[in-house]
Amino acid sequence: MAQPPSGGRGIHGLTGNSASGPGRATLPLPGSGPHATGLPRQGGGSGTDPAAGPGAAGAKGAGRLRRATTEPGRLRALGTLLAVLILGFGTITAWQVSDREAAAAQVAGRSERLCANAAGIHRALADADTTAAAGFLAGGAWPRSVRERYLRDIDTASALLVEAAADGGAPDSASRAVAELNEQLPRYTGLVEQARANHRQGLPLGGAYLRYAHDRMRSELLRAAEELYALRATRLEAERSRAEARPWPALGAGAVVLVALLAVQSRDRRRTKRILNLGLLSATLASVAALAWLAAGHESARSRLSDDGGPASRSVRLIDEARIQALQAGGDESLTYVAGGSVPTRDGEDFYEASYRERMTRLTGDVRGSGAGDGSILARAGQSADDAEGRRHVRAAVADAAEWRERHAAARTKDEAGDHAGALAQVIGDGPTTRESSDRVDTALSAALGHERLELREAAGSARDMLGELPLGAALLTSIATVCALLGIGRRLAEYR
Amino acid sequence: MQTARSRALRGLRGAAVSAALVVCCTSPGPPAAASKPGAGSVRAAAGTAGSPVAASAAAPAQARGRQATCDAPEASLRPSGKSGPAVKRIRKRGMLIAGVDQNSYRWGYRDPATGEFAGFDIDLVRAVAKEVLGDPDKVLYRPVRTNQRIPALLGGKVDLIARTMTINCDRIGHVAFSTVYFVAGQQVLAPKGSPVKGFDDTLRGRTVCTARGSTGATELAEETHDADVRLVADQLDCLVLLQLGRVDAVITDNALAAGQAAQDPTVELVGEPFTREPYGLAMRPGDEDLVRRVNKVLKAYRKGGADSPWSKAYDRWLKDDLRGVTGPPKAKYRDRPRTTPHTGTAER
Numbered sequence: 000m001a002q003p004p005s006g007g008r009g010i011h012g013l014t015g016n017s018a019s020g021p022g023r024a025t026l027p028l029p030g031s032g033p034h035a036t037g038l039p040r041q042g043g044g045s046g047t048d049p050a051a052g053p054g055a056a057g058a059k060g061a062g063r064l065r066r067a068t069t070e071p072g073r074l075r076a077l078g079t080l081l082a083v084l085i086l087g088f089g090t091i092t093a094w095q096v097s098d099r100e101a102a103a104a105q106v107a108g109r110s111e112r113l114c115a116n117a118a119g120i121h122r123a124l125a126d127a128d129t130t131a132a133a134g135f136l137a138g139g140a141w142p143r144s145v146r147e148r149y150l151r152d153i154d155t156a157s158a159l160l161v162e163a164a165a166d167g168g169a170p171d172s173a174s175r176a177v178a179e180l181n182e183q184l185p186r187y188t189g190l191v192e193q194a195r196a197n198h199r200q201g202l203p204l205g206g207a208y209l210r211y212a213h214d215r216m217r218s219e220l221l222r223a224a225e226e227l228y229a230l231r232a233t234r235l236e237a238e239r240s241r242a243e244a245r246p247w248p249a250l251g252a253g254a255v256v257l258v259a260l261l262a263v264q265s266r267d268r269r270r271t272k273r274i275l276n277l278g279l280l281s282a283t284l285a286s287v288a289a290l291a292w293l294a295a296g297h298e299s300a301r302s303r304l305s306d307d308g309g310p311a312s313r314s315v316r317l318i319d320e321a322r323i324q325a326l327q328a329g330g331d332e333s334l335t336y337v338a339g340g341s342v343p344t345r346d347g348e349d350f351y352e353a354s355y356r357e358r359m360t361r362l363t364g365d366v367r368g369s370g371a372g373d374g375s376i377l378a379r380a381g382q383s384a385d386d387a388e389g390r391r392h393v394r395a396a397v398a399d400a401a402e403w404r405e406r407h408a409a410a411r412t413k414d415e416a417g418d419h420a421g422a423l424a425q426v427i428g429d430g431p432t433t434r435e436s437s438d439r440v441d442t443a444l445s446a447a448l449g450h451e452r453l454e455l456r457e458a459a460g461s462a463r464d465m466l467g468e469l470p471l472g473a474a475l476l477t478s479i480a481t482v483c484a485l486l487g488i489g490r491r492l493a494e495y496r
Numbered sequence: 000m001q002t003a004r005s006r007a008l009r010g011l012r013g014a015a016v017s018a019a020l021v022v023c024c025t026s027p028g029p030p031a032a033a034s035k036p037g038a039g040s041v042r043a044a045a046g047t048a049g050s051p052v053a054a055s056a057a058a059p060a061q062a063r064g065r066q067a068t069c070d071a072p073e074a075s076l077r078p079s080g081k082s083g084p085a086v087k088r089i090r091k092r093g094m095l096i097a098g099v100d101q102n103s104y105r106w107g108y109r110d111p112a113t114g115e116f117a118g119f120d121i122d123l124v125r126a127v128a129k130e131v132l133g134d135p136d137k138v139l140y141r142p143v144r145t146n147q148r149i150p151a152l153l154g155g156k157v158d159l160i161a162r163t164m165t166i167n168c169d170r171i172g173h174v175a176f177s178t179v180y181f182v183a184g185q186q187v188l189a190p191k192g193s194p195v196k197g198f199d200d201t202l203r204g205r206t207v208c209t210a211r212g213s214t215g216a217t218e219l220a221e222e223t224h225d226a227d228v229r230l231v232a233d234q235l236d237c238l239v240l241l242q243l244g245r246v247d248a249v250i251t252d253n254a255l256a257a258g259q260a261a262q263d264p265t266v267e268l269v270g271e272p273f274t275r276e277p278y279g280l281a282m283r284p285g286d287e288d289l290v291r292r293v294n295k296v297l298k299a300y301r302k303g304g305a306d307s308p309w310s311k312a313y314d315r316w317l318k319d320d321l322r323g324v325t326g327p328p329k330a331k332y333r334d335r336p337r338t339t340p341h342t343g344t345a346e347r
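Chain order of the listed sequences is F and G.
In terms of numbering that gives the first Met the number 0, the first sequence opens at residue 0 and continues consecutively.
In terms of numbering that gives the first Met the number 0, the second sequence opens at residue 0 and continues consecutively.
Calculated from the structure, these hints are not laboratory results.
Be aware that a few hints might be false.
[Stated by the list, open to error] Pairs of lysine-lysine, DSSO-like flavour, derived with a Cα cap of 30 angstroms:
#, chain 1, residue 1, chain 2, residue 2
1, F, K413, G, K156
2, G, K311, F, K413
3, G, K295, G, K311
4, F, K413, G, K87
The task is simple: from the sequences and hints, build the whole structure.
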């Protein structure tokens with residue numbers, strides 16, 4: 000706000016005091032040049048009078064009021080208004096764009112990572128559960144590969160939980176879900192070890208323990224993991240919407256600035272019969288540039304986020320959901336054999352078999368040809384995939400899931416015909432087993448997921464970059480516009496000296 | 000259903016409240032219909048009506064007058080070695096198809112190590128196969144769930160059911176039973192040294208576990224002795240809950256309870272059996288020759304005192320945990336098949 004009294008002439012304001020003192024910059028001071036020509040740059044003289052400033056200041060307060068009804072007073076008021084409007088436009092633009100840029104950065108970074116972390120926790124837990132059941136079917140002792148896979152899953156889940164807790168922030172529903180998972184996981188592994196110990200001794204009690212552990216997994220751990228995932232996914236989607244939202248206040252402020260500038264220029268023309276006021280014209284051009292940059296820049300970022308990021312984000316959610324269903328269907332399948340029909344549904348069906356069928360139907364519906372049934376998760380994921388690679392992965396998953404269902408049905412038929420060993424060989428044996436099919440489904444879905452996640456991150460990243468320079472640019476352009484507008488007004492004021 | 004229950008439990012740890020909730024949430028039928036007046040809550044409504052199994056699997060004493068009454072349900076056809084259409088059919092197939100349990104330790108279960116079926120019921124099936132086909136191994140074991148026993152039999156999926164099946168008046172209208180090969184009864188299983196001493200007031204304030212739709216559940220619906228009831232899908236789940244300290248005692252039939260005690264040396268049967276449940280092998284009413292043939296097998300099975308196949312099977316599978324059994328039950332016979340077998344099914 001440092002305004003040297005000598006700075007009264009608008010032209011000097013350009014170099015002497017930037018745009019920071021709009022109100023004062025327009026004050027014509029006693030020392031100002033008594034006249035002005037129409038062209039700003041020509042007014043070279045700067046009648047500085049160091050003594051005049053402080054001396055005049057006391058008298059000016061009363062003078063200002065008086066002058067407000069005079070033309071110079073009106074001009075000063077208009078100049079102030081224009082400066083406030085333009086700077087307001089710059090501020091709102093910088094603020095709104097920074098906010099959208101930050102949201103896009105979240106979508107490309109932390110929020111997306113947290114969402115993937117939650118999906119990873121769910122996957123690791125569900126896979127551990129399925130693997131434990133598969134280990135049971137193998138006989139008294141778990142095969143080494145099964146044991147290792149189970150431990151790897153538990154380790155992965157623990158590590159991801161640590162990450163989730165570290166990234167959780169303030170206590171909220173997400174951190175409660177993480178705490179619940181941290182509390183339940185050791186209990187679950189304890190139950191699985193009890194199941195193993197009993198099973199090794201050839202006691203059916205082992206199977207009962209495993210079913211109990213599985214029940215805990217379903218009703219406590221996986222439920223909490225799903226909750227955590229839903230929270231993270233909701234937040235990610237909210238960030239994307241936030242980045243996408245059109246900055247209406249900024250756009251509106253820009254429009255108001257333009258209207259005001261045009262109105263002032265039109266008034267100027269009417270009153271002075273001059274066609275051009277270079278300062279006001281420059282201010283208009285700078286404001287138009289800022290507004291255009293804002294509109295175009297955000298629109299292209301927005302189109303990246305919604306046209307590319309939107310489908311990718313939907314795909315990620317659908318594929319995560321598909322993985323959840325597929326993994327739990329695998330668990331149900333194994334449990335069908337562990338439980339041996341000891342848990343019926345109300346309709347007298349086997350609980351786990353019914354659950355398997357329900358999940359697989361949700362996953363693929365009725366597979367016809369190479370496409371999943373209408374409305375199924377994979378059908379929707381296929382529709383959502385917006386490029387060839389994404390669709391290829393989903394098609395692969397559908398084909399593998401269809402094969403899985405065939406193998407499963409064949410194994411069930413064998414088991415129901417009394418050939419338990421033959422059925423088990425088709426579930427966990429060597430060669431073409433249902434376990435192999437379910438692993439292939441998971442691999443295909445994992446590839447699809449990697450692809451879609453990358454698309455989402457890239458879209459959000461480029462949107463962030465598109466918005467990156469906008470706040471500073473807008474600040475710069477509106478500063479220039481302010482200065483120019485003040486110069487333009489100052490030029491007219493000078494004519495009253 | 001499982002989820003609803005565990006959620007309910009998580010929220011409400013108070014034993015009484017949670018047990019009441021469990022019952023309400025899990026029992027499909029109208030609650031408290033059989034609850035004893037003065038028992039004070041819905042705790043006793045252990046899901047009998049509406050449960051698919053309860054109508055006939057639960058078959059406690061006819062003395063209560065809730066069950067159909069009938070003339071000498073345990074009397075079966077006299078033994079005979081004559082081959083009729085049923086035996087010929089099995090011989091032609093070269094394989095006896097038996098409906099069995101695969102989760103009842105010591106009775107009918109799949110040995111986790113070998114994947115083979117084993118148990119007291121399985122030994123009986125093997126003896127029948129030896130008699131009919133000359134080879135005890137020529138058996139196709141088909142696991143059937145409790146509520147699928149009669150449909151599987153009447154639907155022709157199995158030749159006979161050997162699956163701790165109680166003979167009662169409801170069932171003899173649908174299937175033909177062999178003579179009684181074992182008499183079990185509902186009994187209480189508790190940790191050694193537990194204050195619970197039987198199906199009596201020592202249960203007051205304790206939590207007892209039993210399988211949904213079982214006879215135990217029906218009995219508890221009649222009389223809880225002020226205990227809280229926890230219902231589970233399978234009787235063996237009760238042992239898990241007992242070991243985890245979530246229930247204080249288990250009520251199930253002592254044959255199955257013996258199987259539980261055999262898996263955990265720290266629990267034992269306490270008190271006396273409070274129901275009488277005679278087990279028989281079930282066959283189709285039309286397979287008269289098979290029924291007589293099986294009775295012939297059972298007759299030979301009982302014979303020989305301590306050296307009889309029955310006693311050896313008892314010693315091998317049950318003696319350690321099911322004491323107080325002196326020998327096989329006596330066979331009761333009738334000369335003519337029962338008339339007018341129902342065509343409908345009591346169990347779904």
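These are the hints, each one checked on the structure:
1. F:K413 - G:K156: Judged against 30 angstroms, a Cα distance of about 14 angstroms means the pair holds.
2. G:K311 - F:K413: violated (34 angstroms)
3. G:K295 - G:K311: Given pair K295 (chain G), K311 (chain G) holds - Cα atoms ~18 angstroms apart, limit 30 angstroms.
4. F:K413 - G:K87: Distance of about 26 angstroms is within 30 angstroms: holds.
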